[in-house]
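Just so you know, the sequences run in chain order Z and W.
Residue numbers 731 to 970, in our numbering, belong to the letters of the first sequence in order.
Residue numbers 13 to 237, in our numbering, belong to the letters of the second sequence in order.
Just so you know, these hints were derived from the structure itself, not from any lab.
Quick caveat, the model's predicted, so the values are computed rather than measured.
Treat each hint with caution, since some may be false.
As the list claims (entries may be wrong) - Simulated pairs of lysine to aspartate or glutamate, DMTMM-like, Cα-Cα distance not exceeding 20 Å:
(1) Lys18(W) x Asp860(Z)
(2) Lys927(Z) x Glu938(Z)
(3) Lys927(Z) x Asp860(Z)
(4) Lys18(W) x Asp856(Z)
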Amino acid sequence: MIQGERVELPVRIRDAAVASAMYAVPAATAQAVIAYSGLDVAEPLPGRAICSLAFIRYADGDLGPYHEFAVAFLVRPPGTAPPAGALGRLRGMAGAGAFIHWLPVNQEFTLECGRTIWGFPKELADMPMDLSGRTKRCAVRFGGRTAIELHVRSGAPVPGGAGAPKVDAYSCLDGVTRRTPWTLTPSGVRMRAGGAKLVLGDHPVAEELRSLGLDRARALSCSTVRHLEMTFEAAEEVPR
Amino acid sequence: MSPALKRTALVTGAASGVGALAARRLAAAAWDVVAVDVDADGLAATTLRSPNSHVRACDPGDAEAIQGVLADVGPVHRVVHAASLAPAARALDQPVEEVEAVLRTTFVGAVHLVQGTLPGMLERGSGEIVLFSSLAAFAPEPRGSAFAAAAAAVGAYAAALAAEYAGQGVRFRCACPPFGGDADDHRLILDAVDRSLARPEGDLHVFPGRTPGGRWRLPGTSAPR
């Protein structure tokens, strides 16, 4: 029960739109950032981890309409050994999960759902977002001060069926690490190399991203999704 | 969002289709949304778990009802009039009462909303009025004469407003989606409306911009973007 309403699982999102950018970052620094979770970053290349920044407009879904910004890192499934060799590293990416490090939202119902049901690190922010143009934009603001602003330029259309339909999302709130099975059904996907502009303000998470070198890094790739359907199952605790 | 930045949008036709999507997107963007439609169940679905959305079950063609809504909600910063009626009938088979009902909701509804909100917008020197017409206004669908006429009336009214109140800070847009569009058509036309509103001197007519090469280009308008 959230705010007097029964939320059934899995939670279904019937219409969302997304813009995201992926960065290669130093694995040791990334590992230090997420050490509190007990998880290990995936290293598709030796010494490099993947940090993903995304903003999402939820229009139609079980948690109501809202905006969200995500800072995530690709992680190895808990309890698996680091893959060996270049091929093993690439193969390991197929099973990689997404550790959600920070997840500000702009509405209270989803804030409480996210923290209570899955332990997602949601907090309340002002989040102006423009997904209508060729360049998608989102800012995360607290009391009028910008913590993060991301611009994502859309690329070339990607044929349907691309992307990862099933991912595990990981989170760690109040010392408890959880795994949430997550399915994604995107359409209207566009991708390109580079194409992101990141502005980092005065905020602890912005400081962390600065320590990862993101204030001057070129994105590996950007993607935009015009229509995304998702489901989130119940979370299960990951033993430490 | 601080109270000073609180913006109110009034969306008609909000129980389904493009009106529902417009209401949800505005609610996601933290607007205060007043969702109007005759379909109360549809309104409840649109505004599910959206504390900044408010429902008013009435027909925009009903002058008294709209006056009541506007008296309650205070200043409206954006109007999205997406309510319409489009019962299918051949022109000679359609009772004139049905034609009047189509015109009342689709066109006279626009007039009620504009007369109720435009004076305040002009006073503040800012505001956005988005009236939904249809490509059917230019290329009527079979058995859709009344709706095509109402959509054309909305378009002409929007053009007249844009001319009469030009340069006073209020932006007028006339959205022209394809008739009977699907969910993707709704997303595309609303994206096109947002892009257009982001340009102060954007064109009055907004087309979905799905087809390259200006398939829906009209005399006196620029190509769809």
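Within a Cα-Cα threshold of 20 Å, do Lys927(Z) and Asp860(Z) meet the stated pairing? holds, 14 Å
20 Å limit on alpha-carbon distance, applied to hinted pair Lys927(Z) and Glu938(Z): holds, 17 Å
Are the Cα atoms of Lys18(W) and Asp860(Z) separated by 20 Å or less? Judged against 20 Å, a Cα distance of about 18 Å means the pair holds.
Straight-line alpha-carbon gap Lys18(W) to Asp856(Z), limit 20 Å: holds, 12 Å
Comparing the model with each earlier hint shows no violations; every hint is respected.
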